[in-house]
Amino acid sequence: MGTDGFHIHITGGKNAMTDFMEIPPARHYWKRWYLSCMLWFFGRAVQAAARVDDGVRSEFAAMPDNFTFCLGAFPAGPCMVVGKDAGGRVRHLGSAIADRTIHLHLMFKHPALLFRVFAFRESTPVANARNRLYVRGDVPRACAVVRIMDMVQVFLLPKFLAKRAVKRYPAWSLKRRTLDRAQVYVRAFAGF
Amino acid sequence: MTALHHFLCRTKTAFGTHALAHLPFDLSGMHARKPFVITDQAAKDAALHLELARACRDTHLPLGLAILTDAGDLETLYHLFVDKGYDSIMALGTGQVVQTAKALNLAICHGPERLRTPAGAEQLNNPLLPLVYIPTHPETGQDTAGETLFSGRRFVSPNLMPDIAVITADTMLGTPGAAVLDSGLSSLAICCEAFAFSHSPFARSYASAGICLVMDTLLPLARQPDHKDLLCQKAQKNRQLPLAKLAHAAAISGYIQSNYPDLKTRQAGARVMAVRSDQPALLSAGLCMVLALVQLFENSRHTCPWLGKLLLPLTDTDHYTGVPGPEQPDEAVRIIRQLLHVLAETVPRGMPQTLEEAGITPRQISEMSDLLTYTPPQGAP
Numbered sequence: 343m344g345t346d347g348f349h350i351h352i353t354g355g356k357n358a359m360t361d362f363m364e365i366p367p368a369r370h371y372w373k374r375w376y377l378s379c380m381l382w383f384f385g386r387a388v389q390a391a392a393r394v395d396d397g398v399r400s401e402f403a404a405m406p407d408n409f410t411f412c413l414g415a416f417p418a419g420p421c422m423v424v425g426k427d428a429g430g431r432v433r434h435l436g437s438a439i440a441d442r443t444i445h446l447h448l449m450f451k452h453p454a455l456l457f458r459v460f461a462f463r464e465s466t467p468v469a470n471a472r473n474r475l476y477v478r479g480d481v482p483r484a485c486a487v488v489r490i491m492d493m494v495q496v497f498l499l500p501k502f503l504a505k506r507a508v509k510r511y512p513a514w515s516l517k518r519r520t521l522d523r524a525q526v527y528v529r530a531f532a533g534f
Numbered sequence: 179m180t181a182l183h184h185f186l187c188r189t190k191t192a193f194g195t196h197a198l199a200h201l202p203f204d205l206s207g208m209h210a211r212k213p214f215v216i217t218d219q220a221a222k223d224a225a226l227h228l229e230l231a232r233a234c235r236d237t238h239l240p241l242g243l244a245i246l247t248d249a250g251d252l253e254t255l256y257h258l259f260v261d262k263g264y265d266s267i268m269a270l271g272t273g274q275v276v277q278t279a280k281a282l283n284l285a286i287c288h289g290p291e292r293l294r295t296p297a298g299a300e301q302l303n304n305p306l307l308p309l310v311y312i313p314t315h316p317e318t319g320q321d322t323a324g325e326t327l328f329s330g331r332r333f334v335s336p337n338l339m340p341d342i343a344v345i346t347a348d349t350m351l352g353t354p355g356a357a358v359l360d361s362g363l364s365s366l367a368i369c370c371e372a373f374a375f376s377h378s379p380f381a382r383s384y385a386s387a388g389i390c391l392v393m394d395t396l397l398p399l400a401r402q403p404d405h406k407d408l409l410c411q412k413a414q415k416n417r418q419l420p421l422a423k424l425a426h427a428a429a430i431s432g433y434i435q436s437n438y439p440d441l442k443t444r445q446a447g448a449r450v451m452a453v454r455s456d457q458p459a460l461l462s463a464g465l466c467m468v469l470a471l472v473q474l475f476e477n478s479r480h481t482c483p484w485l486g487k488l489l490l491p492l493t494d495t496d497h498y499t500g501v502p503g504p505e506q507p508d509e510a511v512r513i514i515r516q517l518l519h520v521l522a523e524t525v526p527r528g529m530p531q532t533l534e535e536a537g538i539t540p541r542q543i544s545e546m547s548d549l550l551t552y553t554p555p556q557g558a559p
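Chains as they are written, first to last, in the numbering used here: chain A, 343 to 534; chain B, 179 to 559.
Calculated directly from the structure, the hints in this document are not laboratory data.
All values reported here derive from a predicted model rather than from experimental measurement.
The hints are all genuine.
To spell it out: a stretch of chain B is covered by chain A in this simulated footprint if at least three of its residues, at any positions, have a beta carbon under 8 Å from a beta carbon of chain A; those stretches are:
| no. | region |
| --- | --- |
| 1 | 198-211 |
| 2 | 233-246 |
Over the 10 Å line for every Cβ pair with chain B, so calculated as not near, a few chain A residues:
| no. | residue |
| --- | --- |
| 3 | Lys426 |
| 4 | Phe462 |
| 5 | Thr520 |
No farther apart than 20 Å at their CA atoms in a straight line, the calculated lysine to any residue pairs in the SDA-like style are these:
| no. | chain 1 | residue 1 | chain 2 | residue 2 |
| --- | --- | --- | --- | --- |
| 6 | B | Lys212 | A | Glu364 |
| 7 | A | Lys373 | B | Glu229 |
| 8 | B | Lys222 | A | Met363 |
| 9 | A | Lys373 | B | His238 |
| 10 | A | Lys509 | A | Asn473 |
Glycine included, C-beta positions come from ideal geometry on N, C-alpha and C.
Pulled out of the complex, with its shape left as it was, chain B reads as follows (with noise of 0.2 Å):
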C-alpha cells in the first residue's frame, strides 16, 4: 500500500541568470502592481535597488524602496505602505529585512493590535499580501520557513513563507567566511536529517537538492577568501555565483524546517550552543548542529532507513555504485567527518570535529541523548 506522505512548499523559488526578470510576471500572476521594497543600508549602498529597477523597466511597475535604518522602523514602513497604496512586498536583504518584511504583512493583513497579542506561537491561518525575498547573503533558512519572531512573539503560519524567493548572483553581496560556514553546515545538518529520517519522497528530493548544492560550494568558498578591495573584484565576482547557490540550499533548508519543526539537530545544536555559550566565537549553530547530525548517525545507524542512500548527494554516481550497500552508511558518515576535516584545515583558529572536542562532556552527550538517537515511528516500514 503507498504511504501517505505530506510536504508543503508554497514558495516559488527562481534561481539562476536572469531570473530578476521573471518578477515582473510573477508579481502580475499575483495580481501585485505596486511593490513596496524593504531593504537594508549595505545593499542600496551596493546599487541592488538599482538592479531591481532595470528587472522592473518597461513592465509599468512602481516600487516604492524602504531602506532599513532600524530595527524600530515598523510603524513608519506601515504608514508608508497604507498611505501609498502598496499591494505587495519585497524583501531585499536577509535576516532583520525578511523578518520585518514578514511583520508589516502581518500588521497590514491582521492589523497591527495582533502583533501586540500574548507571547506564544500564533497560528495564523488567514492569507497574506505576496511577499517576495531576494536574498543578498546565505542564511540559516529561517528566511523562507514559515515562522517569523518579532518583540519576542513568535508567529507560525505556512502563509509566512514567502511567495517567491529569487536567487542570482547578481544581488550576492560580499559575504565573510565564518557567515558562509554557518549557513552551509546548518543547510547540511537539516537536509541531511530530512534526507535520512524522513519517509516522504518529497522531502528527501529538496533534502537532496540541497545537500548537492552544499557539498558543491562550500568547499570552495571556505578556500577562498572574501576580499573587500577593488583589486580583488573579480576574485568578489566568481564568489557570487557559489553563494548564490549556498543561499539556495538555505532556503531549501528553510522550506524543510517548516514542515519538519522539531528537527532533533536543530534542538540539539541548540543544546550544544546553550551548554557552550562560553565560546560564541568558536562554536556557531551550524557547526553545534552538524557535531549533533554526526552524532545522532552514530547512534542510529541500524534503525536510519535512508543513511546508506545519503551517500548519493553526499558525493557523486560513481563513488556512491563504487561502495558495497552495507558499507554505504558508514561511508557517507565517513565523507560528512571528512568535510569538517577539511573545512577545519581553512579556518585560521581550527574547529572542533566531535561533541566531545567541543567541550561537552559524556554525562552532557548522555542527558541529550533523546536528541542523538532515533526512534523510528509507530508502523513505519
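Just chain A, same shape as in the assembly (with noise of 0.2 Å):
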C-alpha cells in the first residue's frame, strides 16, 4: 500500500505538528563484558566440575554423547556453549554459536535479566518463575542442566551468595566443600 491518495485530514482539518525522534539501539559494553567473563569462567567451572565431583558426572553420564547446549541472552549473546564428546567428556565450547549444532538453549529473554542472575539479585528458579528464559530443546535435559548450574555455582560462590543464586543451598560433605571446590577452582582457572 502506498502513500499516494492519502490526502484527507482524517480529524477534521488540524495541522497540527508531531515531533519525532529515532532511538537507534544502543550496546550495554559494560555489561556485556561482565557477562562474557561471568560465562567463560562458568563454562570451564562445568568442565572442571565434571571431572571432579560425583554429582555432576552423573547427570552429565544420563545425557547422550555428542550433545551440546548453550546458555545465553536473546537475541544476540552473549552465550557459553558447553559440549559432551563421542568419548564421554565434557568440555567448555566457547561462545560461538554458529555453524554449531545445538541441542538444547537455554536463553534469557533479555541480556539485563541474564545480568541479574549473574549479579546474584535473581536465583535461576525465580527467573524461571517470572517467565525470564525459554527452553529450546528436551525439557528433561533442561532441567538436568538447571541442576549442574545449581551445583556449579555452589562450587563456585561463598555461602551467602550461593543462596541466594540457588533455591536451597545444600548440605554437603566436608571433602565436597573443601577439596573438590579447591579442586572445580585450581582446573576451572587452568582449563582442564
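Now that you have both chains on their own, put them together as the hints suggest.
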C-alpha cells in the first residue's frame, strides 16, 4: 500500500506538528563484558566439575554423547557452549553458537535479565518462575542442566552468595565443600 | 453435561518488575523488528521513552518515537510510519495515545479510506499489525477493549485489542485522586458484574483477579494523596506499584468488556451520567457504575448465581469461610457499600453512596429497571 492518494484530513482539518525522533539500538558494553567473563569462567567450571564431582558427572552421564547445550541471552548473546564429546568428556566450547549444532538452548529473554542472575540479584528458579528464560530442546535435559548449574554455583560461590543463587543450599560433605571445591577452582583457572 | 463457554483474550499481559525487558523477545515472536512508538508530552517529560530505549538496548531494535501533541496528527503519523518502514506500533500512554495508535493501525492495514466510511459499528475481521500497550495511568478499560472511537465513528474488532500489554511501576506517572477513584470503581463494577452473572469460568477467573487488584490498592491510594513536589518523591514512588496494579485491573476490565459489550452496569452508569449531566464534578463514570451495580445486586439477590461467591475476591479466605453460605450474598453487597462509605470519607466534597443520594428519583430508577434487574437466560443452570 502506497501513500499516494492519502490526502484526507482525518480529524477535521487540524494541522498540528508531531515531534519525531529515532532512537538507534544502543549497547551496554560494560554489562556485556561482565557477562562474557562470567560465562567464560562458568563454562570452564562446568568442565572442571564434571571431572571432579560425582553429582555433576552422573548428570552428564545420563546425557547422550555429542550432546551440546548453550546458556546465554536473546538475541545476540553473550553465550556459553558446553558439550559432551563422543568419548564422554565434557568440554567448554567457547561462546560461538554459529556453525555449531546445539541440542539445547537455555536463553534468557534479555541480556539485562541474564545480568540479574549473574549479579546474584535473582536466582535461576525465581527467574524461571518470572518467565525470564525460554528453552529450545528437551525439557528433561534442561532440568538436568539447571541442576548442574546449581551444583557449579555452589562450588564457585561463597555460601552467602550461593544462597541467593540457588533455591535451597545443599548440605554437602566436608570433602565436597573443601577439597572438591578447591579442585574445581584450580581446574577452572587452569582449563583442564 | 459440560456447558459451552466462550471467552477470548488475545492480549498477553506482562506485569511486574522488569516486564519491559521481555518486550524485545515478545516482539520478535511477532516478527516485529522496527517498532513505532506513539507517546504524549507528559510521558516524554518524565523520560519514559528512555525506559523503553533501555529495554531495547543490546537487542537490535531501533525505535521511532512520535510525541503526540494534538489529536490531528494521524496523517503525519501515517506518513512517518509508511515512509520509514516501521512494522509494529507501541502506545506508551493512555487514552488519546492508544486510540490514535489503534486508528493508525486501522489506517495502515485497511487503508486510510476505511476511516472515512459511514458512522456505525465497523466489523473488521482482517488481522492488524502488532500493537503493544504500555499504560502510564490507570484508565477505565477502553484501551485494552477491542474497540476504538475515531472522529465519532466506532470500530469494533477483537483484533483491535493490543497484542501485548506491558504494565510496570517504572512507567507509571503521578495520577490525580479523582482519576484513580474513577478507574478503580469502574474496574470494580465491570469485574463484579462479570463475576456475579457470567457462567463462564474463564470470565470469572479474570474478574476475580481484577477485583482482588482493586480491593488491594484502591483504598491505600485514595488515602495517600498525589504529591507533585520534589520533596515527596519517595511518597510518589510508593504510589507507583499500587497504580500499576490498578492499571492491571483496568486492563482486565477491558478484556471483559470486549467479551461482554452489553454489561448492565456500563449502560446504567451511562444513563445515570446522562440524567445527572449537571453534576459532572460530583459523579464520575466509575462511581455511577458502582451505584448501579449495588442497585442491580439488591434487585437480583435471589436470581444472581454467583453473588455469594463474590465475597471471596472482595475479602479474603478467612472472611469468606467465616460467613455462612446463605448470608454471603448480603455480606458481599455490604462489603461494596462499606468500601464506598470509606472512600467517601477520603473525598473532601463527599460522595453519594446510593442512586437516590446521587439525585436519581425513584421514577427514574424504575425507568431503568431493565438495566437494574438480572434476568436469567433461558436454559441457564
